[in-house]
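Trainee: Below are the chains, spelled out letter by letter.
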Amino acid sequence: MALDISSEVIGKSAHVTLSGELDSSTAPSVRQIVDKVLADSPINLILHLENLSFMASAGLRILIFAKQKAPDLKVYVVKPQETILETLRKTGFYSGVYVVDEAPVV
Amino acid sequence: MELQSYPGDLDALAPIREFVKNAAQRAGLNRKATYNLCLAVDEIATNVITHGYEEAGLQGDLRIGAEIKPERLIIYLEDTGKSYHPDSFELPALEDLDEPLEARPIGGLGILLAKSGVDELNYSEVDNKHVHQFIVRRDQHA
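Protein sequence lines, in the order shown, are assigned to chains H and B. Per the working numbering, the first sequence starts with residue 1, numbered consecutively. Per the working numbering, the second sequence starts with residue 1001, numbered consecutively.
Chain H with its partners taken away, still in its complex shape:
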């Protein structure tokens, strides 16, 4: 299964929606999109992951990359599947992002 990526910047929030599987072969396109939306200097990066069924450590490295580029960026993870949530917990990333059921209205 491949990965579908869409993005949209609304006000100060950059929304990125990922559906499918995020591994090392699909990560470079996500990184490119994140890089592009960060160019607008958003305050929030809102990742919609409800339909993301797989995420390898390449996905975690994109979060590090985003925070390195914009240390004050607030990263929201909307509706991750339980298995991906466990990856965030296991690696301590859970405390570095806001895991939410709905995108914040900002």
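No wet-lab data here; the hints were simulated from the structure. These numbers were taken from a predicted model, which means no experiment stands behind them. Heads up, a few of these hints could be off.
Straight-line alpha carbon distances no greater than 25 angstroms define the calculated DSS-like cross-link-like pairs of lysine-lysine that follow [stated by the list, open to error]:
hint : chain 1 : residue 1 : chain 2 : residue 2
1    : B       : K1129     : B       : K1032
2    : H       : K12       : B       : K1032
3    : H       : K12       : H       : K69
4    : H       : K79       : H       : K12
5    : B       : K1115     : B       : K1069
6    : B       : K1032     : B       : K1021
7    : H       : K79       : B       : K1021
8    : H       : K79       : H       : K90
9    : H       : K36       : H       : K74
10   : H       : K90       : B       : K1069
11   : B       : K1021     : B       : K1069
12   : H       : K90       : B       : K1115
13   : B       : K1032     : B       : K1069
14   : H       : K79       : H       : K36
15   : B       : K1032     : H       : K79
Chain H is faced by these chain B residues, among others (derived, beta-carbon under 7 angstroms) [claimed, not checked]:
hint : residue
16   : Y1006
17   : L1010
18   : D1042
19   : T1046
20   : D1098
21   : L1101
22   : I1106
23   : G1110
24   : L1113
Glycine included, every Cβ here is placed at the ideal spot set by N, Cα and C.
Mind docking chain B on chain H? Use the hints.
Mentor: Frame of chain H; chain B shown alone:
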């Protein structure tokens, strides 16, 4: 046991996960154990492809096989690239996992997920072939 062969590039990751998922389902593993095993194999296969083949300027295949025993499922992943013992990668220190994301070391996360995703991860080298073995106990993850 028959091994399935894939060219050693990143396009192999998706079919390798599919292979592992099928084997896990045949072995009766639950959804969470199946996912964790797919993740473990994916992380090691990624390391083999990027470090063992691409960065080393080598080409070769990844061969994968599954063996279902009464008590456990064993996945074999074989390559002929540059050798990388999983223990040669440094795991992130526990205090690193509490650091803000921007201060995190980017290495070691894959190995952490690989090791924590299975009951045992073994590695051996035989006749210039490297074999990673992923072992999951079936009774504890049914």
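Trainee: All the hints need checking, so say for each whether the structure fits it.
Mentor: These are the hints, each one checked on the structure:
no. : hint              : result
1   : B/K1129 - B/K1032 : violated, 31 angstroms
2   : H/K12 - B/K1032   : violated, 36 angstroms
3   : H/K12 - H/K69     : holds, 16 angstroms
4   : H/K79 - H/K12     : holds, 21 angstroms
5   : B/K1115 - B/K1069 : holds, 21 angstroms
6   : B/K1032 - B/K1021 : holds, 11 angstroms
7   : H/K79 - B/K1021   : holds, 23 angstroms
8   : H/K79 - H/K90     : holds, 17 angstroms
9   : H/K36 - H/K74     : holds, 17 angstroms
10  : H/K90 - B/K1069   : violated, 29 angstroms
11  : B/K1021 - B/K1069 : holds, 16 angstroms
12  : H/K90 - B/K1115   : holds, 11 angstroms
13  : B/K1032 - B/K1069 : holds, 20 angstroms
14  : H/K79 - H/K36     : holds, 23 angstroms
15  : B/K1032 - H/K79   : holds, 17 angstroms
16  : Y1006             : violated, 12 angstroms
17  : L1010             : holds, 4 angstroms
18  : D1042             : holds, 5 angstroms
19  : T1046             : holds, 5 angstroms
20  : D1098             : holds, 6 angstroms
21  : L1101             : holds, 4 angstroms
22  : I1106             : holds, 5 angstroms
23  : G1110             : holds, 4 angstroms
24  : L1113             : holds, 6 angstroms
Violated hints for the displayed structure, listed by number in ascending order: 1, 2, 10 and 16.
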